[in-house]
Every structure is written in C-alpha cells, then in structure tokens.
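Protein chains: 2
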Amino acid sequence: MDIDKVFKALADPSRGYLLDLLHRESGQTLTALCMHMDMTRQAVTQHLQQLEEANLIAVVWQGREKLHYLNPVPLHEIHARWIGKFERDRLDVLRNLKNKLEGKDDDKT
Amino acid sequence: MDIDKVFKALADPSRGYLLDLLHRESGQTLTALCMHMDMTRQAVTQHLQQLEEANLIAVVWQGREKLHYLNPVPLHEIHARWIGKFERDRLDVLRNLKNKLEGKDDDKT
DNA sequence: TTGACATGCAAGTAAATGATTGCATATAAT
DNA sequence: ATTATATGCAATCATTTACTTGCATGTCAA
Numbered sequence: 001m002d003i004d005k006v007f008k009a010l011a012d013p014s015r016g017y018l019l020d021l022l023h024r025e026s027g028q029t030l031t032a033l034c035m036h037m038d039m040t041r042q043a044v045t046q047h048l049q050q051l052e053e054a055n056l057i058a059v060v061w062q063g064r065e066k067l068h069y070l071n072p073v074p075l076h077e078i079h080a081r082w083i084g085k086f087e088r089d090r091l092d093v094l095r096n097l098k099n100k101l102e103g104k105d106d107d108k109t
Numbered sequence: 001m002d003i004d005k006v007f008k009a010l011a012d013p014s015r016g017y018l019l020d021l022l023h024r025e026s027g028q029t030l031t032a033l034c035m036h037m038d039m040t041r042q043a044v045t046q047h048l049q050q051l052e053e054a055n056l057i058a059v060v061w062q063g064r065e066k067l068h069y070l071n072p073v074p075l076h077e078i079h080a081r082w083i084g085k086f087e088r089d090r091l092d093v094l095r096n097l098k099n100k101l102e103g104k105d106d107d108k109t
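In order, the protein sequence lines correspond to chains A and B.
Just so we're aligned: the first sequence equals residues 1 to 109 in my numbering.
Just so we're aligned: the second sequence equals residues 1 to 109 in my numbering.
These are computed hints drawn from the structure, not numbers from a lab.
Yeah, the Cβ is synthetic: ideal placement off N, Cα and C, and Gly gets one too.
Mixed in with the good hints, there may be bad ones.
[As the list claims (entries may be wrong)] Taking lysine-lysine pairs in the DSBU-like style, the calculated list, with each CA pair at most 30 Å apart, reads:
#1 A/Lys5 / A/Lys66
#2 B/Lys66 / B/Lys5
#3 B/Lys8 / A/Lys8
#4 B/Lys5 / A/Lys5
#5 B/Lys5 / A/Lys8
#6 B/Lys66 / A/Lys8
#7 A/Lys66 / B/Lys8
#8 B/Lys66 / A/Lys66
#9 A/Lys8 / A/Lys66
#10 B/Lys8 / B/Lys66
[Stated by the list, open to error] Short, incomplete list of chain A residues facing chain B, as computed with Cβ under 10 Å:
#11 Leu10
#12 Asp12
#13 Met39
#14 Ala43
#15 His47
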C-alpha cells in the first residue's frame, strides 16, 4: 500500500469532510455526497477518485448509482507504520529533549 | 491543533523521510539533515518549517546550530481523532458492505 | 421509446506547492 | 580581526492541484 497516497488523500479538508460524511452514513451515492459539498459534481468525483486510489473508500455500482463505503484499513496502516512507531519512543524523545534543553547528558533519570 | 496542517505536512515523501531521519537520531542540525536529502538546504529548510508549523517537530537553537526534535503528539491526535474513530466501526462497516454486496438487509449475522 | 436522472471523460484555468538562486546575518574558530 | 560555518530571507520558476465548463454515455421510469 502506498502510504504517501493515503496521507495526500487525507491532506485536503474537502476529502476529510467526505470521509466524515461517509462515516456518518455509509453507502451514499455521488449525488447524495454532492449535496453537502460546495463545489461541482465533477470536483467531488475527483476527490472521491483520489480517496478510492488511496484505498480509503470502496465503490459499489448499483444500476446507475455509485455507492461509496469507507475503508478503515489504510488508517490502520498509518497507525501501524507511523503512530505506533513514534509513540513507542514518546517518553524517551521528550526526556531527551528536556535534558538537551537543560544542557545535561542522558542520565536516565 | 490544526489537523489538516498535520496531514498536509505528512503528505510529502520528503517530509516523511525527514521525520524518519529524526526518528533514527533525534536533535540533528539542519546541515546534518541536508546531507541525506537530495535538494538544496533552502528546500530542506522549507520542509522543516512546515513540519514545525504542523507541530511535528520542535526546534532548539544552540549557538548557530538549529537542533530538530520529533514531536509525537500530533500523531497521537490523528490516532485519537481519525483512526480510533474509524476503527471502532471497522467490523460494522465491513459487514454492512458485505451485506449490501450480497443484496441482503442488515440482519446482524 | 422518449425524457429525466446518475454518472463519466477531457480540456482548460487559477492558485498552491516544491524547489532553485542570490544575498544577508550571526556565531564560531584561527 | 578575519575567515569559515550555520543559517535566514526573498524573489523566481516549474509543476501540481483543485476546480470549472462542456459534452458524452448509460440506466431507469412513464
């Protein structure tokens, strides 16, 4: 999975809002989502395509309607690859910073 | 905290790499970081500024040297605001999708 | 089968972004 | 003091990005 694509997809407020909309109600059609967005349908389509490419949403066609579903898996990946990794060292980093600021050595206190 | 700023900061691979560098070794100077980056010092500076504005790194001046430290707190925020939120519904969403795909009602099986 | 509805495709535009170059400033070393 | 080092500031440029507009296609309903 391309984690950068996921971050890029999440970087735009409109796309974040689309995810929020889908979180509130799963399986919404394109036009349903458009009603909450202050832009043209095509703009929304393009945002949704990016979200889809980042694997953040899944699309199901039902006749002429396009239903959108949230996929929480990539966010789980972010947690695994970034947040967990950095948080594990959280206290260490902060202590390290504190010591440096105080001009001390790392003395594990 | 502006969560969009954090995502935007994380969206660029160069900035992600800078965070990785700081994760490996905390407190590196600007020029130390530059040595690993295939771009001018000024470009790196600008990336670091964005990371700083997103509160993902903290900067400490030591004489003429600028030391950079990782701040894991915003990533923690992401976890709290996004990942936890979506993951909580993970199984529900997937079941919902599965049922829709099979043309069933939600029957809680 | 005709009209309305749901969506796609593609070209064009304005603004944001990543990166560069050139010059300025402050700290350290000799 | 003078020189080298570490960094900042600002203008510029190319690319990407978010959006728009216009037209095309496919599906449902009367």
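Handout entry: 30 Å limit on alpha-carbon distance, applied to hinted pair B/Lys66 and B/Lys5
Key = With a Cα-Cα distance of about 22 Å, the restraint between B/Lys66 and B/Lys5 holds, given a limit of 30 Å.
Handout entry: Hint check, A/His47 versus chain B [nearest Cβ-Cβ separation less than 10 Å]
Key = violated, 14 Å
Practice task
Below or equal to 30 Å on CA atoms is what counts here, so check B/Lys66 against A/Lys66.
Solution key: Violated - the C-alpha atoms of A/Lys66 and B/Lys66 are around 51 Å apart, more than 30 Å.
Problem - Hint status (Cβ of A/Leu10 to nearest Cβ of chain B, threshold 10 Å) - result: A/Leu10 check passes; min Cβ-Cβ to chain B is 4 Å, inside 10 Å.
Practice task
Let me know if the C-beta of A/Asp12 comes in closer than 10 Å to any C-beta of chain B, holds or violated.
Solution key: Hint on A/Asp12: holds, closest Cβ of chain B at ~8 Å, below 10 Å.
Practice task
Measure nothing beyond the straight line between the CA atoms of A/Lys66 and B/Lys8; if it is 30 Å or shorter, mark the hint as holding.
Solution key: holds, 28 Å
Handout entry: Interface hint compliance - A/Met39 to chain B, C-beta minimum distance less than 10 Å
Key = violated, 17 Å
Handout entry: Pairwise hint evaluation, A/Lys66 against A/Lys8, where the allowed Cα distance is 30 Å at most
Key = Distance of about 23 Å is within 30 Å: holds.
Exercise for the section: Mind checking the alpha carbons of A/Lys5 and A/Lys66 for me, to see if they're no more than 30 Å apart? Expected result: Measuring from Cα to Cα gives roughly 22 Å; hence the hint holds.
Exercise for the section: Take the C-alpha atoms of B/Lys8 and A/Lys8, compute the straight-line distance between them, and say whether it is at most 30 Å. Expected result: The hint holds at about 7 Å.
Practice task
Compare the distance between the alpha carbons of B/Lys5 and A/Lys8 with 30 Å, and conclude whether the hinted pair is satisfied.
Solution key: Since the Cα atoms of B/Lys5 and A/Lys8 sit roughly 11 Å apart, the hinted pair holds (cutoff 30 Å).
Handout entry: Proposed proximity, A/Lys8 with B/Lys66 (alpha carbon, max 30 Å)
Key = Within the cut-off at roughly 28 Å; holds.
The earlier numbered hints that this structure contradicts are 8, 13, 14, 15.
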